[in-house]
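Engineer: The task is simple: from the sequences and hints, build the whole structure.
In terms of the numbering used here, the numbers along the sequence shown are unbroken and rise by one, the last being 276.
Just so you know, these hints were derived from the structure itself, not from any lab. The reader is advised that the hints may include incorrect statements.
[Said to hold, decoys possible] Taking lysine-lysine and the DSS-like style, the derived pairs with C-alpha atoms no more than 25 angstroms apart in a straight line are:
1. K40 / K166
2. K121 / K84
3. K84 / K182
4. K226 / K71
5. K47 / K97
6. K58 / K84
7. K135 / K121
[As the list claims (entries may be wrong)] The following label-pair restraints were derived from C-beta to C-beta distances:
8. R235 / K97: 39 to 45 angstroms
9. D245 / T151: 16 to 22 angstroms
10. I208 / E63: 41 to 47 angstroms
These numbers come from a predicted model, not from an experiment. Note that CB positions come from ideal geometry on N, CA and C, so glycine has one too.
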Amino acid sequence: MTKQKKKRNKLILIPLLLSLFFILLSVFYIIQWRQDNKRTEGQIKEINDIVQMEEKEDQQENIEIIEPKEISKEDPYFDYIKMNLIQVDFAELKKKNTDTVGWVQVGGTSINYPFVQTKDNSYYLNHSFDKSKNNSGWVFLDYRNNLDTLSKNTILYAHARYDKAMFGTLKNTLNERWQKEISNHVIKISTEYENSLWQIFSIYHIPTTNDYIQTDFASQEHFKVFIETLFKRSRFAFPTTVDENDFILTLSTCYGDKEKMVVHAKLIKKEKRV
Numbered sequence: 003m004t005k006q007k008k009k010r011n012k013l014i015l016i017p018l019l020l021s022l023f024f025i026l027l028s029v030f031y032i033i034q035w036r037q038d039n040k041r042t043e044g045q046i047k048e049i050n051d052i053v054q055m056e057e058k059e060d061q062q063e064n065i066e067i068i069e070p071k072e073i074s075k076e077d078p079y080f081d082y083i084k085m086n087l088i089q090v091d092f093a094e095l096k097k098k099n100t101d102t103v104g105w106v107q108v109g110g111t112s113i114n115y116p117f118v119q120t121k122d123n124s125y126y127l128n129h130s131f132d133k134s135k136n137n138s139g140w141v142f143l144d145y146r147n148n149l150d151t152l153s154k155n156t157i158l159y160a161h162a163r164y165d166k167a168m169f170g171t172l173k174n175t176l177n178e179r180w181q182k183e184i185s186n187h188v189i190k191i192s193t194e195y196e197n198s199l200w201q202i203f204s205i206y207h208i209p210t211t212n213d214y215i216q217t218d219f220a221s222q223e224h225f226k227v228f229i230e231t232l233f234k235r236s237r238f239a240f241p242t243t244v245d246e247n248d249f250i251l252t253l254s255t256c257y258g259d260k261e262k263m264v265v266h267a268k269l270i271k272k273e274k275r276v
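Structural biologist: Set out below in structure tokens:
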């Protein structure tokens with residue numbers, strides 16, 4: 003075989019080997035993705051089997067209604083504050099994972115999970131509820147937040163899984179059909195300290211930035227400007243009144259490779275747990 007022919011064969015062989023390598027790598031990631039999904043499904047089933055959740059009617063002595071200074075006629079606030087809270091018994095969940103700090107439920111989605119908190123915002127990006135290695139991750143609270151003494155902005159993160167687990171259905175909130183069902187516009191939270199309702203006021207996806215994940219603010223004026231920015235970004239014009247005295251909740255996940263999907267809500271009712 004001539005040197006020229008050998009050289010030509012090598013030039014053909016190299017791209018073939020590279021193609022084979024990338025095919026095998028893709029197969030590996032697909033298998034791993036499916037295994038992660040299966041393990042996550044198992045975790046969710048196990049949690050649902052042991053968790054005790056109830057809808058609670060208001061006990062007036064423990065209920066606090068957060069009334070806005072002003073309210074528009076279109077704002078369904080007075081309907082929302084009549085909605086039942088949820089209360090979760092965390093005893094069994096904390097036996098499974100001592101990092102468990104709360105439970106989140108979002109109307110019109112499949113988001114109905116316990117959430118955890120640790121010393122950073124990276125561990126639960128690739129660990130499941132049982133702390134096993136899993137690229138599905140889990141729903142987690144920003145390490146800077148304290149649920150006993152709320153920050154102005156409380157932030158929950160999770161992956162947007164293609165199998166709809168974790169925050170995979172948060173994008174449902176971008177649909178007109180979701181938006182027209184106003185009962186969807188409430189997020190329910192239960193923690194060991196209190197149960198609470200949060201009224202959604204902004205939904206959007208945006209090129210990846212970290213300007214919406216500030217937890218505390220130098221002044222009420224800074225917080226007011228922050229809120230105005232969130233309102234301007236929203237895909238829908240919610241008739242919700244939010245001012246500098248409010249506390250807000252942020253749900254954050256990925257929207258493709260280069261964007262974030264974000265939902266913001268304000269605290270409207272809470273009940274101290276006794």
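Engineer: A separate judgement is required for each hint: does it hold in the structure or not?
Structural biologist: Each hint, compared with the structure:
Distance check on the hinted pair: K40 and K166 sit about 12 angstroms apart at the alpha-carbon level, within 25 angstroms; holds. A C-alpha spacing of about 36 angstroms is found between K121 and K84, which places the hinted pair above 25 angstroms, so the restraint is violated. Taking the CA atoms of K84 and K182, the gap is near 19 angstroms; set against the 25 angstroms cutoff, the hint holds. Pair hint K226 plus K71 holds up; C-alpha atoms about 14 angstroms apart against a cutoff of 25 angstroms.
Distance hint between K47 and K97 is fulfilled; the C-alpha atoms sit about 16 angstroms from each other, no more than 25 angstroms. For the proposed pair K58 and K84, the alpha carbon gap of about 11 angstroms is at most 25 angstroms, so the pair holds. Note on K135 and K121: the hinted pairing holds, with a Cα-Cα distance of about 17 angstroms set against a maximum of 25 angstroms. Distance hint check for R235 and K97: the Cβ-Cβ separation is about 40 angstroms, which falls inside the suggested range of 39 to 45 angstroms.
Under the hint 16 to 22 angstroms, the C-beta atoms of D245 and T151, about 20 angstroms apart, fit the expected range. For I208 paired with E63, a C-beta distance near 42 angstroms keeps the hint of 41 to 47 angstroms intact.
Hint compliance for this structure: hint 2 is the single one not met.
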